[in-house]
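Peer 1: In case you want the letters, here they are:
Number of protein chains: 2
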Amino acid sequence: MQTVELKHAYRLLNHGPTVLVGSAHAGKTNVMAAAWAMPLDFDTPKIAVVVDKATLTRELIDASGVLSINVPTVALKDQVMAAGGMSGKDHPDKLARCKISTQAAAHTGVPLVHGCIAQLECRVLPATTHVAGPHDLILAEVIAAWADERVFTAGRWHFENAPPELRSLHHVAGGHFYAIGEPVSALPVANA
Amino acid sequence: MQTVELKHAYRLLNHGPTVLVGSAHAGKTNVMAAAWAMPLDFDTPKIAVVVDKATLTRELIDASGVLSINVPTVALKDQVMAAGGMSGKDHPDKLARCKISTQAAAHTGVPLVHGCIAQLECRVLPATTHVAGPHDLILAEVIAAWADERVFTAGRWHFENAPPELRSLHHVAGGHFYAIGEPVSALPVANA
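Chains as they are written, first to last, in full-length UniProt numbering: chain A, 1 to 192; chain E, 1 to 192.
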């Protein structure tokens with residue numbers, strides 16, 4: 001994984017991938033799947049993600065004030081499905097059951113998920129809970145970001161040059177995903 | 001276009017497509033491109049979208065309280081690029097320049113964009129502006145939704161059975177998109 005310049009961090013989520021949300025507090029670590037995540041600002045980079053109040057992830061984020069957003073791949077499809085379908089409240093050994101491994105980020109200790117093509121270390125924005133909270137929405141600042149240089153170089157994704165199992169996943173419904181597909185380039189805009 | 005049941009409306013955005021945001025007020029109509037949009041709730045369905053305060057679209061949404069979210073296709077790539085690169089403030093004839101045509105939705109009058117594979121008619125949620133607003137975030141309820149039955153049937157996308165120009169677009173950077181790709185199915189979760 002290579003460090004991504006913070007001004008390019010939004011591009012890791014710009015194409016709308018399904019993500020894994022990492023959280024940790026007081027010796028507990030969890031990872032859940034989330035299809036509802038997006039960039040919120042460029043620079044300082046910020047993100048928005050929906051995390052249900054009933055989840056262990058939400059408890060850990062609310063307690064720690066930090067989270068990670070990770071972009072999983074086709075190779076991780078079964079882990080993503082398992083992480084989305086199993087609660088860390090019911091299963092304290094959820095990560096082992098899901099075959100998900102993590103390492104703690106240096107600054108905040110949030111778990112970064114192995115095998116993902118992007119990892120964003122994030123801190124929850126203060127004073128956003130009274131409106132965002134009722135909608136289960138978490139707004140956070142990106143404080144560090146990394147990407148797999150086989151698919152993200154020079155500040156953007158290049159999936160077409162890499163093995164297909166490194167493509168991002170985009171959840172449709174009930175365990176059915178699409179992989180991100182082929183490049184499409186638009187005409188430049190004549191803006192005169 | 002066929003009506004989509006409101007309980008399935010979130011699925012139109014679940015896989016993270018770039019969208020076109022439609023707005024209208026007092027005789028002005030605009031359409032802009034936005035990569036930062038996502039579902040916010042299932043049922044009642046809600047969405048979140050980032051719309052910069054400096055845009056005409058934001059002025060029209062703030063004045064009317066309504067907006068549309070439309071999912072464009074590979075066939076519309078140049079229109080999406082143009083709608084993202086040209087301001088309706090600078091060009092009152094933006095829609096004609098962008099070769100975008102719309103029709104007014106029955107209930108609210110918001111413009112629905114022709115040629116899109118999904119259209120969501122939305123009403124801004126009250127009392128969300130004081131936190132969401134500073135982050136250029138609009139939270140809205142979906143009050144009606146439609147999809148192209150060539151690619152969305154039985155409550156979910158089926159791109160693999162349709163012409164490739166009907167695939168959704170996912171913006172990377174600077175006019176470079178990926179089309180949504182091939183289906184990937186995960187193993188069911190053993191949740192015992």
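None of these hints come from the bench; they were simulated from the model.
Keep in mind that the hints are not guaranteed to be accurate.
Copies of the same chain look alike in the list, so a pair counts if it fits in one copy or across any two.
Stated by the list, open to error - Below, a list of computed lysine to any residue pairs in the SDA-like style, where the Cα atoms sit at most 20 Å apart: (1) Lys53 to Thr128; (2) Lys28 to Glu59; (3) Lys89 to Ser185; (4) Lys89 to Ala75.
Peer 1: It remains to establish, for every hint, whether it holds in the given structure.
Peer 2: Outcome of the hint check:
Proximity of Lys53 and Thr128 under a CA criterion of 20 Å is satisfied in both settings, with 15 Å inside one chain copy and 18 Å between copies. In this assembly of identical chains, Lys28 and Glu59 lie within 20 Å of each other by CA distance solely inside one copy; the values are 10 Å within and 45 Å between copies. Taking CA atoms no more than 20 Å apart as the test, Lys89 paired with Ser185 passes in neither setting, with 45 Å inside one copy and 26 Å between copies. For the homomeric pair Lys89 and Ala75, neither the shortest alpha-carbon distance inside one copy (26 Å) nor that between copies (45 Å) is at most 20 Å.
This entry does not satisfy hints 3, 4, going by the numbered hints stated previously.
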